[in-house]
Amino acid sequence: VQVLVPSIDPVRPFIGSAPFSTELVLNRANGEWASVLDTAYYMYPIHISLSFLFCPTLASSIYLLLLRFLNRDYDAVFRLVEGVGTDADFSPEEAQAFAALGYCNGDAHPNAHACRLKIALVTIDAAAGCPWDLTREMSRWVQKLPHVAAACRLGHEEELQLLEHCILTVEDPRFDPKVYTEYEVTLNRNRKLYLEALLAGRPEAPA
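If you count the sequence shown from 1, position 206 lands on 224 in my numbering, and the numbers rise without skipping.
Worth flagging that the hints you see were computed from the coordinates, not collected in a lab. Values in this document were obtained by computation on a predicted structure and should not be read as measured data. Yeah, the Cβ is synthetic: ideal placement off N, Cα and C, and Gly gets one too. Any given hint could turn out to be false.
With a straight-line cut-off of 25 Å between C-alpha atoms, the simulated PhoX-like cross-links for lysine-lysine are [what the hints assert, rightly or not]:
{"#": "1", "residue 1": "Lys210", "residue 2": "Lys196"}
{"#": "2", "residue 1": "Lys196", "residue 2": "Lys162"}
{"#": "3", "residue 1": "Lys162", "residue 2": "Lys210"}
Computed spacing ranges between beta-carbons, pair by pair [stated by the list, open to error]:
{"#": "4", "residue 1": "Tyr201", "residue 2": "Val29", "range": "31 to 37 Å"}
{"#": "5", "residue 1": "Asp107", "residue 2": "Pro221", "range": "16 to 22 Å"}
{"#": "6", "residue 1": "Ser67", "residue 2": "Ala169", "range": "17 to 23 Å"}
{"#": "7", "residue 1": "Arg46", "residue 2": "Asn208", "range": "44 to 50 Å"}
{"#": "8", "residue 1": "Glu100", "residue 2": "Leu163", "range": "17 to 23 Å"}
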């Protein structure tokens, strides 16, 4: 048994009366989206237990990840992320679906930040960058950490790996006061110092 899913540009429109809506509109008029597809649909085999799908290609994995994210199914997104990890260049089809993850950037749920960081982690060596700002996502993760679900938690080593790529001080050449605040980068710096002390078994971290 397989599920047939057409690859169509999915949009989650803003609904003022339902700010947490998961309703999607499939933009069939997007010719640019269709022009880079190798196939107009994806086939997802269903496991014999009927409890999960298999993703036979990287493109199908990314597209399913996108649909889950737009549906705010954060636990499922977090579980699927490992399936999109790569250090190779994306094909045009894969790159398009990956860039579309930016449609979810307005989602400020604590678990949404966790999912974006996990995606950044598994693609950190890929040529294509994530469609969000890692420094800002990390600072929001730090602020909302007590509210992140257990199923969406990053490991301490994973956090440190991401923090190595973040802006930590205003002296960093990448720091732009029009984009970041000193508070944001200080949060990241303090989190990095804390984790380094924790993993090294030190009783306190430097200020």
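These are the hints, each one checked on the structure:
Using a Cα cut-off of 25 Å, the hinted pair Lys210 and Lys196 holds, with the two alpha carbons roughly 23 Å apart. Under the criterion of a C-alpha separation no larger than 25 Å, the hint pairing Lys196 with Lys162 is consistent with the structure, at around 23 Å. For the suggested pair Lys162 and Lys210, the alpha carbons sit about 16 Å apart, so the restraint of at most 25 Å is met. Between Tyr201 and Val29, the C-beta spacing of about 33 Å keeps the proposed range 31 to 37 Å intact.
Restraint check, Asp107 to Pro221: a C-beta distance of roughly 45 Å breaks the suggested window 16 to 22 Å. The hinted range of 17 to 23 Å is satisfied by Ser67 and Ala169, whose Cβ atoms lie roughly 20 Å apart. Separated by about 48 Å at the C-beta atoms, Arg46 and Asn208 satisfy the suggested range of 44 to 50 Å. Between Glu100 and Leu163 the Cβ separation comes to about 22 Å, which falls inside the hinted range of 17 to 23 Å.
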